[in-house]
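Enquirer: Here is what each chain is made of, one letter per residue.
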Amino acid sequence: MASFRSSLPVYATTLDVVWHYAFRTICGAILVFLVAPILVIIPLSFNAESFFSFTSGMVSLKPEAYSLKWYRDIFTNGMGAPEAAFGWSWLVDSWRHGQWMLALRNSVVVGVASTLVATALGTLASVGLSRPEMPFRGLIMGLLISPMIVPIIITATGLFFFFSSVGLAQTYLGLILAHALLGTPFVVITVTATLTSFDRSLMRAAANLGASPLRAFFSVQAPLILPGVISGALFAFVTSFDEVVVVLFLAEPDQRTIPRQMWSGLREQVSPTILAVATILVLISLAMLGSLEMLRRRVERLKTETPI
Amino acid sequence: MKTIANLLLATAATLAFTAAAARAEQITVVSWGGAYTKAQTEAYQKPWMAKTGNSIVSADYNGGLAEVKSQVQSGNVTWDIIDVEPSEAVSGCNDGLFEKLDLTKLPKGADGSDAKADFVPGALLDCAVGTIAYANIFGYDSTKFPGAKPAKLADFFDLKTFPGKRGMKKESKVNLEMALMADGVAAADVYKVLATKEGVERAFKKLESIKSSVVWWEAGAQPPQLLASGEVTMTTAYNGRLFTPMVTEGKPFVIVWDGQQQVFDMWAILKGSKKKDVAMDFISFSTSTQPLADQAKYIPYGPTRKSSAPLVGKFMDGKTDMAPNMPTNPANMGNSLVQSVSFWSEHYDELNERFVSWIGK
Amino acid sequence: MTAVELGTEGLERRLARAERRGKLRAFLLVAPLLAFVLLSFAMPILTLVRQAAYNTLVSANLPETTALIADWKVDAPVPEPLCEALVREMHAAKEVDPAIPSRIATFVNRERAGSLSRVKQVANADIKAPYCAGLAALHDDWAQPDIWRALKIVAPSFSPRFFLQALDFRLQADGSIRSQDSNEALHLMLFRRTLLVAAGVTLACALLGFPVAYLLAHVSLRVSNMLLIIVLLPFWTSLLVRTTAWIALLQQNGVVNDTLVALHIIGEKGRLEMMYNMFATLVVMTHVLLPFMILPLFSVMKGINPNFTRAALSLGATPSTAFWKVYFPQTIPGLGAGCLLVFILAVGYYITPALVGGQSGQLISNIIAFHMQKTLNWPLAAAIGTILLAGVLLLYWLYSRLVGIDKMKLG
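Residue numbers (the numbering used here), protein chains in the order written: chain U, 1 to 308; chain W, 1 to 361; chain Y, 1 to 411.
To be clear, the hints were calculated from the coordinates, so they are not data collected in a lab.
Don't take every hint at face value.
Unchecked claim - List of simulated lysine-lysine pairs, DSS-like, C-alpha gap at most 30 angstroms:
id : chain 1 : residue 1 : chain 2 : residue 2
1  : W       : Lys251    : W       : Lys319
2  : W       : Lys116    : W       : Lys165
3  : W       : Lys197    : Y       : Lys94
4  : Y       : Lys269    : W       : Lys38
5  : Y       : Lys73     : W       : Lys276
6  : Y       : Lys23     : W       : Lys105
7  : Y       : Lys374    : W       : Lys211
8  : Y       : Lys94     : W       : Lys170
9  : Y       : Lys374    : W       : Lys165
10 : Y       : Lys269    : W       : Lys211
11 : Y       : Lys269    : W       : Lys361
12 : U       : Lys62     : W       : Lys170
13 : W       : Lys46     : U       : Lys69
14 : U       : Lys69     : W       : Lys297
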């Protein structure tokens with residue numbers, strides 16, 4: 001038997017074999033379609049020239065065709081004295097005046113604050129929603145998830161009208177609340193998902209053993225749903241970190257975030273700096289994905305360890 | 001949890017620090033970005049900051065009064081000064097979006113002439129002070145046309161002789177006038193014709209003839225990129241945006257002045273700005289004779305003060321003469337149009353609706 | 001006996017109370033988020049809807065004019081009290097805020113171009129009785145019915161005219177409705193295009209997502225975990241990063257064109273136009289939404305018992321019959337969930353068409369942003385948004401009925 005048939009049953013016909021490999025090729029092509037565009041920007045970000053394209057020098061791997069200048073530009077863009085010698089004052093200048101640095105600060109502040117709000121409110125609500133006695137469960141769940149479903153342009157427009165009338169437009173608080181709103185559905189979905197697999201008799205056991213409901217929640221339920229809470233928080237953070245439309249409608253120039261900065265970079269001044277930023281963001285999402293995968297494994301382990 | 005709390009505290013402290021720093025007179029000046037903002041920064045902002053010790057936050061926008069309207073109507077005004085075109089200056093003034101300016105605060109010209117007399121007609125409005133006049137022109141990449149070169153406005157619409165994509169601003173203004181002039185309407189009659197139904201049809205018919213080849217742009221920085229990347233062979237642009245890459249990067253672009261449309265750029269202060277006086281001080285400073293002449297060092301836009309004209313010298317590279325590159329240079333004014341503020345304030349909604357629907361099909 | 005009865009009654013009551021307390025406790029846990037969502041989401045949405053249908057600019061500042069013009073028949077001569085009220089109230093409004101007359105003028109100008117300065121003039125001119133003649137003397141337009149008709153249209157606080165405009169109809173002064181001139185109609189075409197694009201993207205996602213999900217469900221756990229990371233990486237990568245990547249790939253001097261030229265498949269002149277058009281919108285949206293199709297399909301396929309297919313095969317079915325008659329029907333729930341979700345998300349897409357769509361790839365969301373940011377016709381933007389919202393909520397309701405909201409999963 002030829003080795004390429006080794007993974008197939010012996011009774012497979014030639015047609016089966018052809019189909020088997022054709023199918024895998026098709027799937028491979030689709031998976032390439034999914035990741036290749038993301039990976040291709042990584043080498044492009046080291047381009048020495050200001051194009052979005054591989055130069056002939058890059059293809060023939062000439063070292064002078066590659067450069068780190070777009071990464072340098074992330075720090076220097078907008079600086080008062082980018083040519084100054086590297087040192088403490090250079091770093092301070094970059095941190096204070098660099099456009100991307102400003103965007104990074106805003107993204108982190110808004111992202112962290114909105115994640116905290118979304119996670120706290122979302123987790124609490126999920127605990128309530130997963131109680132069997134919860135009234136109007138479907139209706140309320142539907143409402144809580146709807147910020148994820150309603151087109152972002154409608155949410156942003158509505159927020160713009162409403163926040164303008166109450167003085168929240170163009171404030172950090174307004175942005176944080178808006179992003180928290182967009183993040184909550186993800187927290188609710190992930191936490192309720194972990195809660196459905198949660199064995200409620202554990203809570204009754206805790207109560208029988210004399211624990212107060214609060215204590216039972218923190219010592220029994222909380223540790224078990226923690227992975228769900230963390231992955232919900234990660235989703236909420238990424239939602240805020242990636243959001244641009246609400247920022248377009250609600251933020252003033254000083255409050256521009258990284259995606260907002262990329263947006264104007266794509267619409268107005270196309271420069272490979274965006275590719276360098278994009279590369280860094282891809283690495284960050286890889287890290288997030290990695291931590292999420294670890295969480296998932298932990299949940300699997302916990303599940304199998306629970307005696308049924 | 002504790003580390004997160006610490007992190008939050010730290011960020012809160014940073015925010016508070018930034019807010020405290022902002023209290024030392026800082027104004028936000030909003031303009032069009034790219035080479036134009038750079039010229040303003042060098043000629044107006046930096047000298048003013050050095051002189052007064054105040055600081056300026058620069059922001060970019062793409063025209064229109066949406067942000068201004070939302071800031072003023074919500075009472076949350078964070079921009080202080082904005083660079084607008086006359087039609088926006090007038091409509092914004094009408095709608096109460098801009099402060100009325102005390103024009104007596106403007107300094108005399110360097111030659112001692114009274115400010116009112118020193119500015120060219122149309123550059124002083126109730127709510128805005130003109131800084132420069134720029135031109136809407138079209139330019140092309142000369143390497144794409146080895147034989148005959150485009151020289152007239154009509155050539156822009158001639159896809160047979162000059163094949164290739166065209167870049168145009170996604171906006172009814174400028175394009176409709178351009179279409180009529182290319183169709184043979186004299187500059188003096190353009191707005192008369194455009195006020196009639198037949199005139200509008202004629203303009204759209206002309207635009208329709210090249211529509212399938214048009215790449216629409218929105219920000220002033222895009223046209224030179226479209227030309228440089230080969231996405232288009234010819235594009236409308238603000239004259240200064242093509243000039244800069246031509247001179248500094250040696251790009252093979254050529255500007256065609258035939259049928260240029262001149263527009264002022266003006267400073268206006270947002271109604272309810274908390275730093276109104278500081279903002280007015282900046283406007284007075286930046287529209288005085290020397291800074292207006294200095295900005296022409298960085299971008300070929302004509303100063304609105306007559307007294308600035310003789311002071312205009314060479315480009316920042318020290319060798320390119322600016323005068324021939326100015327929209328106001330007589331040699332470039334052969335067939336030119338000054339955009340009509342009154343026409344557009346009446347007809348913008350109607351024509352723009354038509355334009356948007358036309359462009360979307 | 002009474003004691004027993006009392007006992008059970010007490011127990012029932014206590015049970016009922018405990019149940020109520022349980023309900024209350026559960027509800028209290030949800031309450032903070034519910035309040036937050038109502039305040040920062042439902043309120044804004046209601047503000048949006050209100051903005052589309054309700055505006056008091058004219059009726060609050062020109063109350064008498066509004067009342068009188070409502071009674072005026074569009075073919076009758078303009079009555080003197082109406083002229084008098086307009087002149088008086090415009091002057092009064094100007095005293096309150098000098099910007100009001102020109103805001104009203106902008107409103108009227110949207111219904112009839114060329115009215116802006118006519119209406120503004122009224123607030124500035126010194127007009128004495130008889131007022132109708134005075135207005136006519138100011139400008140001949142005031143002797144014609146058109147400008148009055150426009151004023152009649154914009155006067156009422158409640159008006160369906162922006163909803164009509166959002167659907168390419170125009171409200172007339174006499175209350176009738178005409179459809180917009182074909183060269184000004186745009187929105188219906190955009191709604192249609194948006195639905196077509198959403199359907200196209202959904203189809204593409206289903207075609208591309210099905211095989212991948214099938215593969216994921218039929219390889220070893222270790223391999224499927226690895227492949228799942230490939231599926232999830234785009235999901236976790238910033239939308240703007242992915243869009244940037246596609247611009248780098250598809251533009252005129254982009255990677256794909258360069259490669260094709262280098263391989264002599266196309267000439268330097270024959271570079272393909274793949275960016276800033278409908279094609280780019282479809283490709284990038286499919287790429288962005290594909291994980292939303294693969295994940296629900298995968299979770300359904302994982303649960304399908306392989307013995308059914310094996311049984312069909314052993315009973316003599318051909319592999320294709322076994323697949324279509326036995327396996328495929330079992331994937332319908334996942335396929336349906338994925339398709340609905342992708343369709344709902346695609347209908348509201350804004351960023352991708354705005355960045356890569358050029359002119360032919362613009363969707364309904366983009367025209368909402370356009371009216372918000374460029375033309376400043378906020379009520380029209382709100383009206384289009386409300387219609388889009390209604391459509392999406394309908395689909396969402398369908399999703400909750402057919403799939404169930406708690407079935408929504410993320411990775």
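Enquirer: Work down the list of hints and note, for each, if the structure agrees.
Expert: Hint-by-hint comparison with the structure:
1. Lys251(W) x Lys319(W): 17 angstroms, holds
2. Lys116(W) x Lys165(W): 45 angstroms, violated
3. Lys197(W) x Lys94(Y): With a Cα-Cα distance of about 33 angstroms, the restraint between Lys197(W) and Lys94(Y) is violated, given a limit of 30 angstroms.
4. Lys269(Y) x Lys38(W): Measuring from Cα to Cα gives roughly 36 angstroms; hence the hint is violated.
5. Lys73(Y) x Lys276(W): Measuring from Cα to Cα gives roughly 49 angstroms; hence the hint is violated.
6. Lys23(Y) x Lys105(W): Given that 30 angstroms is the threshold and the Cα spacing comes to 69 angstroms, the pair is violated.
7. Lys374(Y) x Lys211(W): 21 angstroms, holds
8. Lys94(Y) x Lys170(W): 35 angstroms, violated
9. Lys374(Y) x Lys165(W): Status holds; Cα separation ~25 angstroms.
10. Lys269(Y) x Lys211(W): Cα-Cα ~21 angstroms, so holds.
11. Lys269(Y) x Lys361(W): Holds, because 27 angstroms separates the two Cα atoms, which is no more than 30 angstroms.
12. Lys62(U) x Lys170(W): 41 angstroms, violated
13. Lys46(W) x Lys69(U): Distance ~27 angstroms between Lys46(W) and Lys69(U) Cα, so the pair holds.
14. Lys69(U) x Lys297(W): 28 angstroms, holds
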